[in-house]
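Colleague: Each chain, letter by letter, is given below.
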Amino acid sequence: MNIVDRRPNPKGKSLSNRQRFLARARVEVKSAVQEALRKRKVADVEHGEKVAIPTRGISEPLFHHNRRTGRTDHVIPGNKEYVRGDEIPRPTGGEGQGGREGSPDGGGDDAFEFTLSKEEFLDMFFEDLELPDLVKKSLKDTTAVDLQRAGYTVTGNPSNLSIPRTMRLSMARRISLKRPKLAEIEAMREALEEARARGDDEEEIARLTRELEHNERRSKIIPYIDPIDVRYRRFDRVPRPNTEAVMFCLMDVSGSMTEAMKDLAKRFFMLLHVFLTRRYRHVDVVFIRHTSTAEEVDEETFFYSRETGGTVVSTALEKMLEIARARYPIDRWNIYGAQASDGDNYGADSSRCVSLLGGDVLPLCQYFAYVEVGDGMGGSLTGLSRDSDLWRAYSEVAPAHEHFAMRRVGDPAQIFTVFHELFAKGGVRA
Amino acid sequence: MPNTGFADAAQLRAEMPLFTGPNWDFGSLRRVNDAIERIAFDELGLDIYPVQIEVITSEQMLDAYSSVGLPLMYKHWSFGKRFAYHETLYRKGLQGLAYEIVINSNPVICYIMEENSMTMQTLVIAHAAFGHNHFFKNNYLFRQWTDADGILDYLSFARDYVAKCEERHGHEAVERVLDAAHALKEHGVNRYAHRSRPNLAEEQRRTDERRAHEEATFNDLWRTVPQLGDDKDDPEANEKQHEQLRQQLGLPEENLLYFIEKRAPRLEDWQRELIRIVRNVSQYFYPQKQLQLMNEGCATFVHYEIMNRLHDKGLITEGSMLEFLHSHSSVVFQPGFDDPRFSGFNPYALGFSMMSDIRRICEKPTPEDRDFFPEIAGCGDPFGVLRHAWANYRDESFVLQYLSPQVIRQFKIFQISDDSSKPSLRVEAIHDELGYRRVRSALSKQYDLSRREPDIQVVDVDLTGDRCLILAHYVHEGVLLEEKTCRSVLRYAAFLWGYGVKLLEIEAATDKVLKTYEAAVEPV
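Protein chains in written order, with our numbering: chain A, 1 to 430; chain B, 1001 to 1524.
Hints should not be assumed to be uniformly reliable.
The calculated PhoX-like cross-link candidates involving lysine-lysine, where the alpha carbons are at most 20 Å apart (straight line), are [stated by the list, open to error]:
hint: 1; chain 1: B; residue 1: 1164; chain 2: A; residue 2: 13
hint: 2; chain 1: A; residue 1: 220; chain 2: A; residue 2: 178
hint: 3; chain 1: B; residue 1: 1185; chain 2: A; residue 2: 11
hint: 4; chain 1: B; residue 1: 1075; chain 2: B; residue 2: 1240
Computed beta-carbon distance windows for the label pairs [stated by the list, open to error]:
hint: 5; chain 1: A; residue 1: 15; chain 2: B; residue 2: 1510; range: 48 to 56 Å
hint: 6; chain 1: A; residue 1: 321; chain 2: B; residue 2: 1115; range: 58 to 66 Å
hint: 7; chain 1: B; residue 1: 1388; chain 2: A; residue 2: 117; range: 47 to 55 Å
hint: 8; chain 1: B; residue 1: 1168; chain 2: A; residue 2: 160; range: 41 to 49 Å
hint: 9; chain 1: A; residue 1: 259; chain 2: B; residue 2: 1091; range: 30 to 38 Å
hint: 10; chain 1: A; residue 1: 19; chain 2: B; residue 2: 1487; range: 25 to 33 Å
hint: 11; chain 1: A; residue 1: 15; chain 2: B; residue 2: 1343; range: 24 to 32 Å
hint: 12; chain 1: A; residue 1: 81; chain 2: B; residue 2: 1487; range: 38 to 46 Å
hint: 13; chain 1: B; residue 1: 1466; chain 2: A; residue 2: 81; range: 55 to 63 Å
No wet-lab data here; the hints were simulated from the structure. Remember, it's a predicted structure, so these values are computed and weren't measured experimentally. A virtual CB, placed ideally from N, CA and C, is assigned to each residue, including glycine.
Turn these sequences into a full structure, and let the hints guide you.
Modeller: In structure tokens, the structure reads:
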């Protein structure tokens, strides 16, 4: 007998089968994912999802007998009361005792339920979305450079001297050229002195002296470390893609924003955050809320505390500019802005917003999205008769800037669609 | 050699238990295996392949589940689906994992889970590495159909071949062929050994012989007699010609995948090879489907016997024995038909009971047993009888031969007939004097694969017309095919065949066509 411990074998042997399965069930899984998204809380967007998909696209049909036709015998255990000749009413649910086991191949029409991992879920979720202008910052105008090890070279800076590599080559050369070792020379010298002390005959002493001189000369000619041994570590300079992003969340928290509106805004921000985390190695989030004044707050306060006051949108934009200039230099950070508001603004402020946005904010940003949240009472907002102050103001800016987008959202079910529109592959339309 | 060292040491302290406590280690696995080996060879007379025990984690066990229990398998989405299915059940706690999986190869590979306690490992080794192993090596169906030496090599070839095809022809193209072949896999097996095809030399010799015979018996007079085939419109002649064509094609043919692989006009070579792979894997499993009851029964009987003997010798502790009995009794639990847990006969339970009963009949027969089993009752050699049964029967014939009235009474087995034209079911036989033989033959039929699976054959190909492939389902007792799955399978069949496929449901007794399905090739 032979015992093999297979536990250390690589995991995920059936991963590729799973991927094939997901690809196969793509249509079903996707609609299930979107359905799930509609229902679940935004706070757990990032967890995996249990999806139940109909077996339609993934059934494996085989020829089966139809148990409802013809005459069949069933032989089964556990008789308690029946005797020969008894008539038993046919069990409802059709086939009754001859039941097929609930195997995945049973060909049933029941939904087939399994759990998607977080990665798989988000992949499905963001499948056909693309970050606008993601490439622009990454390679072209980058200033940051990373050093990357790239083997060894014969020339270089002393500080890059690779001692192990140099010594290895030196040793190889010494061995191949048979350079006498220090210990060997010492031993010969001692032997010579001993011979002299013993008073051996001249010839022997002369031979030993010759040998010693020969070896000493050799060890001088063949140096311990030769310039040809020397190696330096080599570094390539590779431009570092800008993989850090900061996301500014701007929200109006004045009295006119209802809880439902804030909830909508929150969902939008969460989606954006999840999305950015998938594309960038590091994502900072800055929350700026404003009434008639703006302040930077933490997430908790941002979403859950209430403020009262008027609405001056430009204060938030100013705050954003201030923070960006102080902490997020544009050559290192990809800046994204998202603003949510119900569209109310202090009348005279709108023109200031326009100039701030067009003149300062947009040139700084990779992308700026403005989402106007409604109260959802009317379901769809298409029937809105009157554009809000801010909407009208921003509409002036929009045509000139490709990376500025504005949308309206009325109820939670629309969030994903709007988000999808904003980030759909192949550019944005404002 | 540490191996013999262990064996000797174990012999010296034969009264000492082989292990105590729940934790296992490689040393005790080896000691237990050696102890079991002595019992299996010297006392039970088992004959087994060499064993390779592989310790795996629960995730690896799920992997093995999804690739139908084989250690290697080609890639296909359906295995991913199975994995997802089992994983969900397992994570929810609805389904425990099997303690072991054993693979019929030479050497036999026996997976055991790391979570098992040492008692469970002992049980698993006795069950799989000895019970199943003996059955694999000795049963005639496995010997005839399963190439234990070659299966792992073949699977590794299959996996690489499929991967190579995917690289060359794309995932989708390969998937389409595999999907279609999977739909027909249950009709991709040879149910009987075929006559081997004569080789070229043999063919030549027969042709020569035939010619010599014709020359020897030549008589010019026959030339003047009018020939049957001269008249082109003669329906009888056409019929004869048609018959000849069918014979050349080897029709009728029940192995649909074989026929398609060899004869489908538009398949490419790699597609034929893929079909062949599916066919071979299916063929490998064909005996297992016919031997479930006996295979599990044999393994359960063997582990029960071995564990008891280990206990009698003082090699396992009382605590282990109790743990074993607890697990054993849940394995051989048979819920009644009206129990929500019921899903047909539990092969472990029925197999184990039948085999234990054979032992009882051999050792302490009652007059009833002498009546039913005159040739084995009281013969005193239960293991000889059992080894003979394990080697020479399959589920269907085993039940027919050995299901005793005692077991029928124990399980309270009864037979009901379900005639769809009548409003109610009828109890045909129960566990009484009149019923034993009826129940026995009815249960045997229930295990007969040729009755359980639809009897479908290739009967004809329209060679002169639209090349339509004609299949026939021979309907017994009026049981038709399920319509929905039948249509989907036929679409797959049409894809492989390359032209239309027609399926006739023919009543076997009267040759009457009851229903016709047709499927055309769908544009890709």
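Colleague: State for each hint whether it applies.
Modeller: Against the structure, the hints come out as follows:
The hinted pair formed by residue 1164(B) and residue 13(A) meets the criterion: a straight-line CA distance of about 18 Å does not exceed 20 Å. About 12 Å separates the Cα atoms of residue 220(A) and residue 178(A), which keeps this hinted pair within 20 Å; it holds. A C-alpha spacing of about 30 Å is found between residue 1185(B) and residue 11(A), which places the hinted pair above 20 Å, so the restraint is violated. Under the criterion of a C-alpha separation no larger than 20 Å, the hint pairing residue 1075(B) with residue 1240(B) is inconsistent with the structure, at around 47 Å.
At about 54 Å, the CB distance of residue 15(A) to residue 1510(B) agrees with the hint of 48 to 56 Å. The hinted window of 58 to 66 Å between residue 321(A) and residue 1115(B) holds, with their beta carbons roughly 60 Å apart. For the pair residue 1388(B) and residue 117(A), the beta carbons lie near 52 Å from each other, so the given range of 47 to 55 Å is met. Our hint of 41 to 49 Å for residue 1168(B) and residue 160(A) holds, since their Cβ atoms are close to 47 Å apart.
Checked against the hint of 30 to 38 Å, the C-beta distance between residue 259(A) and residue 1091(B) comes to roughly 36 Å, which is consistent with it. A beta carbon spacing of about 30 Å between residue 19(A) and residue 1487(B) agrees with the range 25 to 33 Å that was offered as a hint. In this structure the hint that residue 15(A) and residue 1343(B) lie 24 to 32 Å apart at CB holds, the actual value being about 31 Å. The hinted window of 38 to 46 Å between residue 81(A) and residue 1487(B) holds, with their beta carbons roughly 42 Å apart.
Here the CB-CB span from residue 1466(B) to residue 81(A) is close to 58 Å, well matched to the stated 55 to 63 Å.
When each numbered hint is compared with the structure, violations occur for hints 3, 4.
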